[in-house]
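Student: Residue numbers (the numbering used here), protein chains in the order written: chain L, 3 to 161; chain P, 598 to 763.
Derived from the structure by calculation, the hints contain no laboratory data.
Glycine residues also receive a C-beta, built at the ideal position from the N, C-alpha and C atoms.
Keep in mind that the hints are not guaranteed to be accurate.
[Stated by the list, open to error] Label pairs and their in silico Cβ distance ranges:
| no. | chain 1 | residue 1 | chain 2 | residue 2 | range |
| --- | --- | --- | --- | --- | --- |
| 1 | P | Y617 | L | G84 | 40 to 48 Å |
| 2 | L | L83 | P | V616 | 25 to 33 Å |
| 3 | L | A68 | P | R618 | 28 to 36 Å |
| 4 | P | L609 | L | M104 | 33 to 41 Å |
| 5 | L | V107 | P | T599 | 44 to 52 Å |
| 6 | P | L605 | L | L83 | 42 to 50 Å |
[What the hints assert, rightly or not] Just a few of them, taken from the derived set where beta-carbon distance is under 10 Å, the chain P residues facing chain L:
| no. | residue |
| --- | --- |
| 7 | V621 |
| 8 | R626 |
| 9 | S629 |
| 10 | F687 |
| 11 | C691 |
| 12 | A739 |
| 13 | G740 |
| 14 | V742 |
| 15 | K752 |
| 16 | I756 |
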Amino acid sequence: MTTLDSRSQAVLSIQLIDARGPRFGAILTTLMLAATLLTIPSTISIILLSIQTLVFGLGSLVGLAAQPYGVIYRRFVQPKLGKPTDLEDPRPPRFAQSVGLMFAVLGLVALLTGATTVAFVAVGAALAAAFLNAAFNFCLGCEMYLIGRRILGRSSVSV
Amino acid sequence: MTGLLVLLAVLLGASAFGVYRRRVDGQLRQVSRERPDEPTEIPALVEGSVAVVGAPDGPQVPHHREHLTSADIGAELGSSATVVQFSSAFCAPCRTTRVVLDEVSGMIPGVAHVEIDAEAHLDLVRRLDIRRTPTVLILDAAGDVRVRAAGAPRKADVIAALGTLM
């Protein structure tokens, strides 16, 4: 016997996605951010981080369907892997994209203004989150979300 | 050079954290009567043995253990136990956990599975000191929180923990 509250019932009607897609994206993101770290401070690092910022922007603001790494995954990787074994809710990975976007924008602004130390910290933080996602399937932003809501928020639904 | 050092530090730190989290994730812990905030591990579950978990030592003060009513969780308590799952929208393992707990509650008569949206019940989340989703609580027939796990628990562990409450 299971009782779901109204919000959870809404979850059931959401279109699920292949869980391997965001994981593949996290691997590419990890490589991009690692390459950015190794080239700071240089024009190459600005170009790399700009591309990654655009990727995060599309993934979070437009949606996972528009996320370039996801497009690469669906076009070139998924056909080789076959049917998905694990489906997941697209909201956690999309939320992760917005957390990544915040750090990437901060890093990019820091690079453009010559604040190299800030750039190292911001790109390093984004790399930590992407690497945890790629290597351990762990969503750092998702974990921080409830803590953030506990500190900042009141209950969004009055019962 | 600095970039390489930052890269190595991040990879090492994140790996250590990831390995630690994988180890403790979803581990069911028995809630002691004295200090509900500091659950103690269930020895029987760690080794997978069938030993019955004894009551914690010390004076028995049942009122210090968190107590939930059907009004708190918005659903009727199960006649022998209730598995309460706190979930949120941005939570990938919540789905897996729901499937596991659904299956368990369907299998064992008298066990109810209640899923609570953590964001919509922040007061309850603060009162129970829930920090992440999914967090799973197992209540006995009276509604006392006896076992809790942060992260997706394994099915066998949930069944074993329910067994100790029956």
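Student: Would the hint on I756(P) stand, with a C-beta cut-off of 10 Å toward chain L?
Tutor: Nearest chain L Cβ about 16 Å off; hint violated.
Student: Holds or violated: is there a CB of chain L closer than 10 Å to the CB of A739(P)?
Tutor: 18 Å, violated
Student: Falls inside 42 to 50 Å, the C-beta gap from L605(P) to L83(L)?
Tutor: About 31 Å separates the Cβ atoms of L605(P) and L83(L), which means 42 to 50 Å is violated.
Student: Is it true that L83(L) and V616(P) lie within 25 to 33 Å of each other by Cβ?
Tutor: Holds: the Cβ-Cβ distance is about 26 Å, inside 25 to 33 Å.
Student: Given the range 44 to 52 Å, decide if the beta-carbon distance of V107(L) to T599(P) lies inside it.
Tutor: 21 Å, violated
Student: How about G740(P): closest beta carbon in chain L under 10 Å, or not?
Tutor: Given a least distance of 15 Å, the restraint on G740(P) is violated.
Student: Taking 28 to 36 Å as the stated bounds, is the beta-carbon spacing between A68(L) and R618(P) within them?
Tutor: Because 31 Å falls inside the window, the suggested range holds.
Student: Take the shortest C-beta to C-beta distance between C691(P) and chain L; is it under 10 Å?
Tutor: 8 Å, holds
Student: Can the hint on V621(P) be confirmed by a CB-to-CB distance to chain L that is less than 10 Å?
Tutor: 12 Å, violated
Student: Quick check: does the Cβ-Cβ distance between L609(P) and M104(L) fall within 33 to 41 Å?
Tutor: Roughly 24 Å apart at Cβ, these two residues miss the hinted range, so it is violated.
Student: Would you check whether V742(P) satisfies its interface hint, that is, whether its CB is within less than 10 Å of any CB in chain L?
Tutor: With a minimum Cβ separation of about 17 Å from chain L (threshold 10 Å), the hint on V742(P) is violated.
Student: Against chain L, with CB atoms and a cut of 10 Å, does the hint on S629(P) hold up?
Tutor: For S629(P), the interface hint is violated, since the closest Cβ of chain L sits about 24 Å away, which is over 10 Å.
The structure fails hints 1, 4, 5, 6, 7, 8, 9, 12, 13, 14, 15 and 16 (numbered hints given earlier, in ascending order).
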